[in-house]
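Line by line, the protein sequences are chains A and B.
The first sequence runs 264 to 360 under our numbering.
The second sequence runs 29 to 233 under our numbering.
Among the clues, some could well be false.
[What the hints assert, rightly or not] Listed next, the in silico SDA-like pairs over lysine to any residue satisfying Cα-Cα at most 20 Å (straight line):
hint: 1; chain 1: A; residue 1: K271; chain 2: A; residue 2: Q323
hint: 2; chain 1: B; residue 1: K52; chain 2: A; residue 2: N330
hint: 3; chain 1: B; residue 1: K52; chain 2: A; residue 2: N325
No lab work stands behind these hints: they were computed from the structure.
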Amino acid sequence: MNMKTFNKLDATWAILMIVTLLNALVAETAEPSYLITAIICFSIAYKGRLVIDHFMELTQANDTIRNLVRSYFYFFPMLVLLTDIFSEQLAAITRLS
Amino acid sequence: MLKDKVFPLNGAGVITSEPETVNKIPGNRAVWVGIFSELTEFGMFFVIYVIAKAHYSQEFNQGPLALNTLAGTLNTVALITSSYFVAKAMTAIRAGDALASVRWLWGTVAAGLVYLLIKGWEYGWNMERGIHSDTNPFFTMYYYMTFNHLLHVGWASCSILWAIYQIKRGGYTTESHAGLTAIACYWHMVDLAWIIIFPLLYVLR
Numbered sequence: 264m265n266m267k268t269f270n271k272l273d274a275t276w277a278i279l280m281i282v283t284l285l286n287a288l289v290a291e292t293a294e295p296s297y298l299i300t301a302i303i304c305f306s307i308a309y310k311g312r313l314v315i316d317h318f319m320e321l322t323q324a325n326d327t328i329r330n331l332v333r334s335y336f337y338f339f340p341m342l343v344l345l346t347d348i349f350s351e352q353l354a355a356i357t358r359l360s
Numbered sequence: 029m030l031k032d033k034v035f036p037l038n039g040a041g042v043i044t045s046e047p048e049t050v051n052k053i054p055g056n057r058a059v060w061v062g063i064f065s066e067l068t069e070f071g072m073f074f075v076i077y078v079i080a081k082a083h084y085s086q087e088f089n090q091g092p093l094a095l096n097t098l099a100g101t102l103n104t105v106a107l108i109t110s111s112y113f114v115a116k117a118m119t120a121i122r123a124g125d126a127l128a129s130v131r132w133l134w135g136t137v138a139a140g141l142v143y144l145l146i147k148g149w150e151y152g153w154n155m156e157r158g159i160h161s162d163t164n165p166f167f168t169m170y171y172y173m174t175f176n177h178l179l180h181v182g183w184a185s186c187s188i189l190w191a192i193y194q195i196k197r198g199g200y201t202t203e204s205h206a207g208l209t210a211i212a213c214y215w216h217m218v219d220l221a222w223i224i225i226f227p228l229l230y231v232l233r
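The whole structure should be built from the sequences, with the hints applied where relevant.
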């Protein structure tokens with residue numbers, strides 16, 4: 264087996280583990296703030312991109328599939344961040360009565 | 029000089045035969061209909077989550093503090109590791125090492141089982157503390173999202189067992205393994221969904 268490939272996969276796994284543990288540290292210690300939300304949303308997008316590109320191997324796959332899956336991990340972290348910042352407005356426009 | 033042409037694999041490294049994922053639909057069209065359907069389903073959960081959080085900010089602020097962060101973190105470790113094992117299995121089958129591919133897939137099944145056991149223990153831990161699906165809207169979201177995801181891990185594990193069976197009987201080989209690629213993509217999708225679910229429920233307040 265190609266050693267370079269082996270190392271790259273290992274490195275991707277190790278980075279994902281580190282980001283996950285940092286997320287857990289934030290969960291246990293950090294007080295809520297927009298900055299923390301932004302950092303966590305960025306970590307979601309980053310972890311998603313690593314899995315999509317290196318584990319799922321979409322880097323050179325069909326353009327439509329790659330772009331749709333990648334955009335999922337741009338859209339939802341951004342949605343979580345924006346709805347946190349504009350939560351009162353969101354609550355107002357989604358109130359049923 | 030086609031003989032000397034090389035192709036990137038798993039984001040780095042090279043092989044000399046073109047992987048089935050390059051400029052193509054990985055696996056088959058049917059699995060991608062399934063994957064995008066599942067991603068849409070989870071996407072709807074995420075939209076409902078942000079709306080519910082906007083309406084019940086107090087419950088969503090306190091909810092993550094009541095959950096077992098260690099269990100959520102271990103679940104994440106198990107699922108990311110399982111995805112890594114699947115990627116290694118794909119590398120092995122392309123390199124002509126079917127036995128190694130099977131070993132990595134058994135590792136995936138084991139990681140999936142670890143996930144299911146942790147989640148089962150976590151539900152018991154919650155119940156002992158009076159955390160039920162009707163406790164408040166946060167925990168309703170928590171149980172709905174995590175139990176739905178748990179089901180996906182369960183049947184995706186069954187598909188990995190099917191892949192192991194196929195490799196052993198010669199159904200998936202170095203030259204022909206589109207079915208394994210499809211199963212691998214589905215498994216990674218299950219991992220991707222959890223990558224969003226974990227911070228939403230255990231980290232963000």
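Please name the hints from earlier in the document that this structure breaks, with their numbers sorted from lowest to highest.
No hint contradicted; all consistent.
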